[in-house]
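Based on the sequences and whatever the hints tell you, model everything.
Now for the letters of each chain:
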Amino acid sequence: MLMVELRAQEQQILLGIEKSGGRASVEQLISVCGLSDAAVMRNALTLQEKGLLNIYAATQSIIRLTDESKVYAVDGLPERRLVLAVMALGGSADLKVAAERAGLQVQFIQIALGWLIRKKWVSYNSQNNMVSILKEQLQGGVVGEGSDEALLKVLAGSGSEQGVVFDELSDVCKADAEQLKKRKLVTIEVKTTRFLQITDEGKMALSEGRVVESDVSQLTPELIITGKWRTAKLQRYNIEAPVAKAWPGKKHPYLCFLDEVRSKLVALGFQEMMGTSVETCFFNFDALNMPQNHPAREPSDIYYIKDPRFGDISGHDVAVKNVKETHENGWQTGSTGWGYKYSFEVAQRLILRGHSTCLSARTLESGRVQIPGKYFSIARVYRPEVVDRTHLSEFNQVEGFIVNSELTLKDLLGILGRFAVEIAGADKVRFKPDYFPFTEPSVELSAFKEGYGWVEFGGSGIFRPEVTKPLGVDAPVIAWGLGVDRLFMMRHGIEDIRMIFSSNLDWLRKKQVT
Amino acid sequence: MPTIDIDYKELQRLLNIQHNDMEKLDDILAYVKAEVKGYNEQEEMVNVEFKDTNRPDLWSVEGLTRALRGYIGQEKGIKQYNIEPSQVEVFVSRELYNIRPYIACAVIKNIQLTDSVIRGLMHLQEKLDQTYGHNRQKTSIGIYNIDLIKLPIEYTTVTPKEAAFIPLGFTEKMTPDEVLEKHPKGCEYRHIVKSNLKYPMLFDADGKVLSFPPIINSNDLGKVTEESKNLLVEVTGTIHAAVLNTLNIVTTMLIDRGGKAYLTTIHYPDNSEYTEKQVTTPNFNNHTMPLSVEYTNKILGLNLTAKQISELLQTAGLDIQKITEPNDITVRIPCYRIDIMHQVDIIEDIAIAYGYNNITPNWREIPTIGKAKPDQHVINLVRDLMIGLGYQETLNTTLTNKEALFNKMNTPQTPHIELDNPKGTTMTCLRNWLLPELLEFLSNNKSVEFPQKIYELGKVTHPDPTCETKVQENENIAAITTHPNANFSEIKSVLDSLLTNLGIEWQIQETTHPALIDGRTGKIVINNQDIGIIGEISPQVLENWNLENPAAAFEINLQKALN
Numbered sequence: 001m002l003m004v005e006l007r008a009q010e011q012q013i014l015l016g017i018e019k020s021g022g023r024a025s026v027e028q029l030i031s032v033c034g035l036s037d038a039a040v041m042r043n044a045l046t047l048q049e050k051g052l053l054n055i056y057a058a059t060q061s062i063i064r065l066t067d068e069s070k071v072y073a074v075d076g077l078p079e080r081r082l083v084l085a086v087m088a089l090g091g092s093a094d095l096k097v098a099a100e101r102a103g104l105q106v107q108f109i110q111i112a113l114g115w116l117i118r119k120k121w122v123s124y125n126s127q128n129n130m131v132s133i134l135k136e137q138l139q140g141g142v143v144g145e146g147s148d149e150a151l152l153k154v155l156a157g158s159g160s161e162q163g164v165v166f167d168e169l170s171d172v173c174k175a176d177a178e179q180l181k182k183r184k185l186v187t188i189e190v191k192t193t194r195f196l197q198i199t200d201e202g203k204m205a206l207s208e209g210r211v212v213e214s215d216v217s218q219l220t221p222e223l224i225i226t227g228k229w230r231t232a233k234l235q236r237y238n239i240e241a242p243v244a245k246a247w248p249g250k251k252h253p254y255l256c257f258l259d260e261v262r263s264k265l266v267a268l269g270f271q272e273m274m275g276t277s278v279e280t281c282f283f284n285f286d287a288l289n290m291p292q293n294h295p296a297r298e299p300s301d302i303y304y305i306k307d308p309r310f311g312d313i314s315g316h317d318v319a320v321k322n323v324k325e326t327h328e329n330g331w332q333t334g335s336t337g338w339g340y341k342y343s344f345e346v347a348q349r350l351i352l353r354g355h356s357t358c359l360s361a362r363t364l365e366s367g368r369v370q371i372p373g374k375y376f377s378i379a380r381v382y383r384p385e386v387v388d389r390t391h392l393s394e395f396n397q398v399e400g401f402i403v404n405s406e407l408t409l410k411d412l413l414g415i416l417g418r419f420a421v422e423i424a425g426a427d428k429v430r431f432k433p434d435y436f437p438f439t440e441p442s443v444e445l446s447a448f449k450e451g452y453g454w455v456e457f458g459g460s461g462i463f464r465p466e467v468t469k470p471l472g473v474d475a476p477v478i479a480w481g482l483g484v485d486r487l488f489m490m491r492h493g494i495e496d497i498r499m500i501f502s503s504n505l506d507w508l509r510k511k512q513v514t
Numbered sequence: 001m002p003t004i005d006i007d008y009k010e011l012q013r014l015l016n017i018q019h020n021d022m023e024k025l026d027d028i029l030a031y032v033k034a035e036v037k038g039y040n041e042q043e044e045m046v047n048v049e050f051k052d053t054n055r056p057d058l059w060s061v062e063g064l065t066r067a068l069r070g071y072i073g074q075e076k077g078i079k080q081y082n083i084e085p086s087q088v089e090v091f092v093s094r095e096l097y098n099i100r101p102y103i104a105c106a107v108i109k110n111i112q113l114t115d116s117v118i119r120g121l122m123h124l125q126e127k128l129d130q131t132y133g134h135n136r137q138k139t140s141i142g143i144y145n146i147d148l149i150k151l152p153i154e155y156t157t158v159t160p161k162e163a164a165f166i167p168l169g170f171t172e173k174m175t176p177d178e179v180l181e182k183h184p185k186g187c188e189y190r191h192i193v194k195s196n197l198k199y200p201m202l203f204d205a206d207g208k209v210l211s212f213p214p215i216i217n218s219n220d221l222g223k224v225t226e227e228s229k230n231l232l233v234e235v236t237g238t239i240h241a242a243v244l245n246t247l248n249i250v251t252t253m254l255i256d257r258g259g260k261a262y263l264t265t266i267h268y269p270d271n272s273e274y275t276e277k278q279v280t281t282p283n284f285n286n287h288t289m290p291l292s293v294e295y296t297n298k299i300l301g302l303n304l305t306a307k308q309i310s311e312l313l314q315t316a317g318l319d320i321q322k323i324t325e326p327n328d329i330t331v332r333i334p335c336y337r338i339d340i341m342h343q344v345d346i347i348e349d350i351a352i353a354y355g356y357n358n359i360t361p362n363w364r365e366i367p368t369i370g371k372a373k374p375d376q377h378v379i380n381l382v383r384d385l386m387i388g389l390g391y392q393e394t395l396n397t398t399l400t401n402k403e404a405l406f407n408k409m410n411t412p413q414t415p416h417i418e419l420d421n422p423k424g425t426t427m428t429c430l431r432n433w434l435l436p437e438l439l440e441f442l443s444n445n446k447s448v449e450f451p452q453k454i455y456e457l458g459k460v461t462h463p464d465p466t467c468e469t470k471v472q473e474n475e476n477i478a479a480i481t482t483h484p485n486a487n488f489s490e491i492k493s494v495l496d497s498l499l500t501n502l503g504i505e506w507q508i509q510e511t512t513h514p515a516l517i518d519g520r521t522g523k524i525v526i527n528n529q530d531i532g533i534i535g536e537i538s539p540q541v542l543e544n545w546n547l548e549n550p551a552a553a554f555e556i557n558l559q560k561a562l563n
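These protein sequences, in sequence, are chains F and W. Under the working numbering, the first residue of the first sequence is numbered 1, with each subsequent residue one higher. Under the working numbering, the first residue of the second sequence is numbered 1, with each subsequent residue one higher.
These are calculated hints, taken from the structure and not from any lab test.
Computed list of lysine-lysine pairs in DSBU-like fashion (alpha-carbon distance at most 35 angstroms, straight line):
1. Lys446(W) with Lys523(W)
2. Lys307(W) with Lys428(F)
3. Lys264(F) with Lys298(W)
4. Lys182(F) with Lys70(F)
5. Lys138(W) with Lys321(F)
6. Lys138(W) with Lys182(W)
Some but not every residue of chain W turned toward chain F, in silico, with C-beta under 10 angstroms:
7. Arg55
8. His134
9. Ala241
10. Thr368
11. Thr394
12. Asp420
13. Leu442
14. Asn445
Beyond 10 angstroms from chain F on every Cβ pair, some chain W residues (computed):
15. Asp5
16. Lys9
17. Asn82
18. Glu126
19. Pro184
20. Asn196
21. His267
22. Tyr274
23. Gln308
24. Gln314
25. Ile320
26. Leu381
27. Pro412
28. Ile508
29. Thr511
Glycine included, C-beta positions come from ideal geometry on N, C-alpha and C.
Take a look at the structure:
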């Protein structure tokens, strides 16, 4: 067998354990060996690796006095002080007089009295405010010490920092401890204690091992202040040894991406719109030229709210009337209309918004829309989809509109081109006819990026007169929406859309920031 | 969005294209807002998706190619369809007015029905019934071999127990009620008729059942095979215009297949509700709509002349009735283009015919001041502080379920917004606090290295009857730390650091919360207003989420905190 080499501190610890009977807590060793907690543990781990000791952990509930009760341990509990005062006043006294004599502060009088009654030390006559000691409590002329008082003394004697182990108490004391905890006179804290137990090999090493002079591992303030560092030999580290991973707090990659989109849109002069995710059918559908029997309103395509079922659109009566007539006969929009009987009840039905275009409708209708104006929203929208790698039932849409006294399809293509370059970093763009119930003409935007190919990136169009006129806007309005989810996935090389709401902490921690 | 299976051989033949290149086909389909979704090489069928839900005229290979031929330069203007008179008459009973009041019919003779044509026809019928006909509620189509039918036809009502007939695909007679109970189509569509005391029924002159609209045809008369030469097409429904439109789409498709169309006469009863007593169908008359050249150019940003517009209209399969230079055109619209409601619909067709990619994009400088939403700045400050405190940001869905929000949190139900038609059981309501989803997040990461410190800043929704949409939404922030020594002090110092750095003076008051440990739970108070809670998660809740490490957390209403 090879001779085991022990460093000085390692030897000290093994000796300390042996002295304590072969097993000792880290706390014990700290005081026995005069080493720091970190030093004990560091050496213990090395010793464990060498098979010279074993480390165990045990949890204990430790009872300690609070600052308040440290005073009581010396002066006595308020009820003790009060009863002593009554005693001194002849076994029966006016509460106020007794309290004064006991030196109790006003706020403690009722508490002390309460405990006296509860402990059945006195009787109290509330009519004349007299407190009288009950004879049966007297033992040799004094009221005997309660077990809670005894416990306080034990705790005070044990050294306030160390405390007493809860499990080592008798059952009576345990109950007292719980009682004192309720009175906030003690704290009970769960503490993990580590024990070191020496192995047979450890014992052997102590008797036969060779002690070597140890290098200094950690440069300490003490070494620096005392100047001992000049003679100390600083241990060489294995700098290639793996270290524990450190995880920074990071923003969520998808929200970072939305932040970036937001700041680009703000830089392009767009104002952000807001609204609740619960919306009326009026703003989600009717105001956007989608008739009340449109297939997108089927329960398979939109979430309806169970309770309450109806919102209140009475604040928009002009727009509601105009939209109703537009649906029924085209109103003044130059449209044929849908030719059916419009229902106000259907209009007020509450849903979870299926697209964020409802926010554009609200802004146009608000009467506060500025012309020229540019608006955008980043909003959570909802569809009853079965969630899989390409579908979410809840996702974000980025969309908005531009209103100006003059705007044409040519301008719309220009804006889309700018979006593709600014937001998607596209090299080339391409346009295709598209369809939305609320825009005409409608354009689909594809962006080409080296390495990604052509990607469908957005939809857009000029709001139909059936949309803008009833909402009180006569100027042309270009509406646009961007496929941000797809762009995000493309940029991060993600193929499963569910990763947007990923609950994989490891992935979030390791995800490279961009 | 409707998707249609198209016989690719037929498509190639009708468009006179040879290639098998799906990308090129995609480019052509873009003219009508459609794209290839798939190609089954073995059956030579292309699956085409249409973005426009208002163009049922495109939902057959015949209709699709009719629309595309103009754009690829093979045919210009409107295709004319002829129709001959006939003696076929249909009599409508007065009781139908409140049940399913309208019918339109056409007779098609001398048609050659190959297997491919029958499949295309069935497919078109199905899509029209489903999408345009709102699952047969608004319109539904029946097709019969007219040689088996004794004329005239009667469209009338029966009681649920009379007029038993053999429904398509069955061998025994069933009463209408039995059809609704036993036949798969009866089960699927019975909600349309069930509430009526009487059901609609089509009979021939011998009293034989043609069909039980909109449920099922009879097996005897309502079956079309490759041997059928002469057909009766019938559409019933609740909206007259929709019934007529549907008939036109089916009939023109059959004419494109070489059939010859004949008129039928529908006799409506004397009820005052019916404005027209006698209607001949189908009606292939074109519509007209005035178009302003100036308006067209104003929308497109182009400088087109009336003549240029005329040519583009013909490319798009429309035509000119007359031009009143320089500014007004009367556009002719074929009977099957039921999507055109407004000049803008025509103007888009002009733009598509012109070619979107032939228009030079223009960046119009519109000077406006950009602005993020008012609370965005402070939201970002809070997020910066939280990540600075070492907390990982998470993003969770606002849709969740009551089990997570309340049961697993050991918490009685608090007011929240529930869905009427949830899909599945995990997403049934909107969250009204954030902590449950943070615990759910932790429960998915039990084997990931500790300590775990996460937060979410996100929306929560509460019912509020005083608001227009009956809800109030707030931005909340919740954070949680979990590891073997996680405790109250740790999370309290994080909260204190967050609020102090935001310049908020706050107090804590002891309270109780069913999800938190008694004696380790605080109410967070600012200016005497409760803005949230802080505490150690109760072991019962940890157990419910299957968590093994202690956890301490807080959640505050950010809006209230910052007011």
